[in-house]
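Participant: As they're listed, the protein sequences go chains A and B.
Count the first sequence with this note's numbering and you get residues 1085 to 1721, in order.
Count the second sequence with this note's numbering and you get residues 9 to 259, in order.
None of these hints come from the bench; they were simulated from the model.
Note that beta-carbon positions come from the ideal geometry of N, C-alpha and C, so glycine has one too.
There could be a bad hint or two in this list.
Computed list of chain B residues with no C-beta within reach of chain A, every gap over 12 Å [what the hints assert, rightly or not]:
#, residue
1, 19
2, 162
3, 185
4, 214
5, 231
6, 244
With the C-beta cut set under 8 Å, the calculated list includes, among others, these residues of chain B facing chain A [said to hold, decoys possible]:
#, residue
7, 18
8, 21
9, 53
10, 64
11, 66
12, 71
13, 106
14, 110
15, 127
16, 145
17, 166
18, 197
19, 256
20, 258
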Amino acid sequence: MTLDAKIPGGPLAQKWDRHRFELKLVNPANKKKFDIIVVGTGLAGASAAATLAELGYNVKNFCIQDSPRRAHSIAAQGGINAAKNYSNDGDSVWRLFYDTVKGGDFRAREANVYRLAQLSCNIIDHCVAQGIPFARDYGGLLDNRSFGGAQVSRTFYARGQTGQQLLLGAYSSLMRQAASGRVKIFPRRELMDLVVINGQARGIVVRNLINGQLESHDAHAVVLATGGYGNVFCLSTNAMSSNASAIFRAYQKGACLANPCFTQIHPTCIPVHGTYQSKLTLMSESLRNDGRVWVPKQPGDKRSADSIPEEQRDYYLEKKYPSFGNLVPRDVASRNAKEQCDLGKGVGETGLAVYLDFTDAIKRDGRDVVSSKYGNLFDMYEKITGDNPYETPMMIYPAVHYTMGGLWVDYNLMSTIDGLFVLGEANFSDHGANRLGASALMQGLADGYFIIPYTIGGYLAGTRFPAVDAGHEEFKNCEASVHQKTARLLKIKGKRTASDFHRELGLIMWDYCGMSRNETGLSKALGMIRKLKQEYWENVNIPGTGDEFNQSLERAGRVADFFEFGELMIVDALHRKESCGCHFNTAYQTEENEAKRDDENFAYVAAWEYAGSGSDPILHKEPLIFENVKLSQRSYK
Amino acid sequence: MSAKRINLTLKVWRQSAGEIIGSLKTYSASDISTDMSFLEMLDVVNENLIKNGEDPIAFDHDCREGICGMCGSVVNGRAHGHESNTTLCQLHMRHFSDGDTIVIEPWRAKPFKVIKDLVVDRSALDELIQAGGFISVNAGGAPDANAIPIARETAEAAFNAAACIGCGACIAACPNASAMLFVGAKVSHLSLLPQGKPEAKKRARQMVRKMKELGFGNCSNEAECEAECPKGISIREIARLNREFIKAEFS
Ligand SMILES: Cc1cc2nc3c(=O)[nH]c(=O)nc-3n(C[C@H](O)[C@H](O)[C@H](O)COP(=O)(O)OP(=O)(O)OC[C@H]3O[C@@H](n4cnc5c(N)ncnc54)[C@H](O)[C@@H]3O)c2cc1C
Ligand code: SF4
Ligand code: FES
C-alpha cells in the first residue's frame, strides 16, 4: 500500500480553487442515479447528508440515537472559529492556518489546514442564513471571543451552546431534505460492518437497535462521520454512545488508521468524584477568558479557597506563560494542572483538581456580565457539584475530550478504501497532534458543507461501478460474521458486566496512555490490556438476546472494540519516539518541560494497516512537508 | 458539598416490548451516593440486576449533560422529576432523601409508543420539524454573515426559543399531549429572525397541520408544559405561534 495524499500542486492559497476546477463533475441529471450512505448525523454527517441531497444525490443517513438531532456534536459549548477578522485585530486566513498548524505541533498537513481556514468564513455565512442565533453585540453584528492558542478574537458562539445551535442548523437542513424525499433517515441503527466489493466501499450492514435485526444497505459510496473514540478511556466528555467501532470496522476492511495515539485531554472539566461515575463534564474552555487558574503555593494546604490569602496562591499559568497566561493551548494547560497536583498542590477531596476562579472577573465586570457570558455553564456546574461558582471558585481537572487521530484520508477526504470517505472527528485530517479550541466544529462543517460535496462528485464521475445490490453475496457474508460475533458475545455468560471491564480498561489507558507517557508504562499497559481482553471474551456477562432492544449488548460490542482500539493506540504511542502536542513522552522534553519533537525522524503521519487478528499492524508513513511554515519549538511564554 | 449515602425503593415501569402489556415492578436501590445523577443511580441498579441474572431497565440517554434531549422519564408524576429546569440526567440524588420511594414511568402520549420499559418512540418530533422547522437555504449561496444586523434583543429572544432540546417532556406533561410548546419554540426561533421571515406563515400553518395529523392534542392553556420544560421554554412561544398561525390563516 502506498499513501498518496493527492495534494494539488501550485501555491498554497490556490490549491483548493485549482482542485475544484480539476475535479470531474457529475452531470446534474445524473446525480439522482447515485446512492450515498452517510453514517453519522453530527455536524459532519448532518451537514454532508443535507448538502449532498441539496445537490440531488440519493442519501441514506444513519445514526445511533433516536433522532439525528441528538448526535454528540450537540454538546459542544464554546464556539467555532472563523477567519472573518470582524474584530479587526489582525486575523486572516493565513493566521488561522498558522495557529492551527502550530497548535497541532506541526503534525498536520499544510494544504488541508489552509483549506480549512479558507472555508471557515463560508461556514459562518451559511450558519447565519440557516437562522443560528449567534451572539451579537449591541450594534447587531456578530460578537467574537478568544480561545486557547490564539491571540485574536475569532470565535463565534451561541451562549455556551454553540454545538447545539450549529447542529440544529444542520439538522434543520437535513429535515428539509428528508421532507423532500432525497434523504432517508435511519435512526436507532448501529453500523456493524462495512461492505467492500471489488475494492470499493459499496454498503454497510447495520443493526436495527429496536428489534436487533440486521439490515443491509448498498450505495455507490459510503461516508463515515461517526465521531471520535475518546470513550476508549471510559470516562471522557463524550456522549455515552460515542464509539470506536465504526472506524475500527473500516480499519479491519483495509482503511488505514492514522495517529491513533493523538488524544486530547481537556484542561477544564469537573473532577472525578466516584467509581460509579458514567461520564465527565466539560466546562468550556471559554471560561479561561475570565477565570484565573490557581493552586495554593504550599503543597498539602487543605484550607478552603477563601481562606488562602492572595500572596499564598500560585497562579501558575500566568506566571509561567506571561503572554498567553490562562489561555495557553489545551495540552499545555492540562499537563501543568497534572504537574501541580503531582507536586501535592492539588485541591478538593481527592487532591486531583485546581481552582478556576472568577472573583476578579466578577469584581471587574459585575455579576451580570459574567452571568451573561457563562451563566449556563455556572448553572451546570452547580447542578452537578452542588457548589456555586459565583461564590466559591470552580474546581477543575483535565479529562479526555477529543481524538485527533482517526481514519487516514487524502485531500479528498477519501480513505485508503476507494469510495469510503471520512469526515469530522472520525478522520485524522487537520489538527495534527493537538486541536485548538473551537476548531472541531469548524472542521466538521467544512468537511460536510463545503468539501465532500465537491470531492465525492469527482470520485463518482470518475469511477466505474459494477452492478451491486444488497443481495450480493458479500452482504450475506458480512451479516453472517456479525451474527457470529454477537452469538459469541452472548454465549459467554460470565460474571462481570461490560461496563465493569470498560472502567478497568479506561483506567489503564488513563494511567499509561494519557497526559504523559513513557515506554515502560506503555509496554506494561499493552500486556494489561491483552490480558483483560482475554478475560473479557471469557467472563463478560451480557443479559438478553440479539433479537430485541438490548442496550447491554450494544455496549458490549463497543467495549470489545475499545480493547482493540486501545491496543492500537499504545502501539502507535510506543513507536513515536518523540513528544509532540498531546503525545507527551516523558523521555522527550525540553528544559522547560515542553514536548520535544524530533522533526528529522517523526515529521510524518503514522498510518496503520490492519494485518489480521493477532498480527502486528503494518506502519505506513506519510511524510509531512512544510513549505510555508517554519517548524519551530512551540512557545507560549 | 459532601456526599451522603441513601437507600431508596424504586417502582419502575417494565414493558419488554411495545406490544406487550407492562407493569410497575419494585426494586431497591441501596447505598446510593447523593453525588450521583439519577441516571447513574439507575446504572448502579442495572449493574446489580445483570449480576443477578435479571433484565436491566432500558432507558434512553446519551450526553448526560442536559443538552441532547435523549433522556426523560416521568419521576413521581413529574416529567424529568421535581427539580425545575433540569433534565433527568442532570437531576442529582442530593435532591432525594433516605427511604424515599420513587416511581419511574415512560413518557405517556399517544404519538409516543413505548419501545421498551422507559424508552419511547419520539420520531413524531422529527416529522414535525420536517413539516417546516427550517429556513430554505442551500449550502453555498449565503451572503456575508454580517450583511444583516440583528438587534441583540432579537437574537437573544430567538435563542431562548432555539434552546429547546426536543426531549418531549412538554408533551408528556400535557393532559392533551399537545406539542404546542415544542412547535411554538421552533416557529418563534425562526420567525423572530429576518432570515426566517419569508417562510414564517407557511411554516406555522404546516407545522400546526402536521401536529394534528400525527395525533397530538390541542392546547387548552394548562401551562404544564412550561412547568416541566427542562430548558425554560416559555408559553409566550405558544402565543407567538398562535399569532403566526392566525396571520397565515387570514392572509
Ligand atoms: C463536551 C464537548 C464540548 C465541545 N466543545 C467544542 C467547541 O466548543 N468547539 C469545537 O470546535 N469543538 C468542540 N468539541 C468537539 C466537537 O464537538 C466534536 O469534535 C464534533 O462535534 C464531532 O462531530 P462529528 O460530526 O465528527 O461527530 P459526532 O457529533 O460525534 O457524531 C457522530 C455521529 O455518528 C453516529 N454514529 C457513531 N457511531 C456509529 C455507528 N457505529 N453506527 C451508526 N452511527 C454511528 C452517531 O449516532 C452520531 O450521529 C466539544 C466536544 C465535547 C465532548
Ligand atoms: S419545549 Fe421544553 S419540554 Fe418541550 S421538547 Fe423542547 S425542551 Fe423538551
Ligand atoms: S442524556 Fe442528554 S439530555 Fe439527558
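Participant: All hints, please: hold or fail.
Facilitator: Quick rundown of the hints versus the structure:
1. 19: 21 Å, holds
2. 162: Per Cβ check, residue 162 of chain B is inside 12 Å of chain A; nearest 8 Å; violated.
3. 185: It holds; residue 185 of chain B is separated from chain A by about 18 Å at its closest Cβ, greater than 12 Å.
4. 214: 9 Å, violated
5. 231: 23 Å, holds
6. 244: Check passes; 16 Å lies beyond 12 Å.
7. 18: Violated: closest Cβ of chain A sits about 16 Å from residue 18 of chain B, beyond 8 Å.
8. 21: 14 Å, violated
9. 53: 11 Å, violated
10. 64: It holds, given that the least Cβ distance between residue 64 of chain B and chain A is near 6 Å, below 8 Å.
11. 66: Because about 6 Å separates residue 66 of chain B from the closest Cβ in chain A, which is inside the 8 Å limit, the hint holds.
12. 71: 5 Å, holds
13. 106: 17 Å, violated
14. 110: Hint violated; residue 110 of chain B Cβ to chain A Cβ min 17 Å, cut 8 Å.
15. 127: 7 Å, holds
16. 145: Residue 145 of chain B check passes; min Cβ-Cβ to chain A is 5 Å, inside 8 Å.
17. 166: 4 Å, holds
18. 197: For residue 197 of chain B, the interface hint holds, since the closest Cβ of chain A sits about 7 Å away, which is under 8 Å.
19. 256: Because about 18 Å separates residue 256 of chain B from the closest Cβ in chain A, which is outside the 8 Å limit, the hint is violated.
20. 258: 25 Å, violated
Against the hints set out earlier in the document, violations occur for numbers 2, 4, 7, 8, 9, 13, 14, 19, 20.
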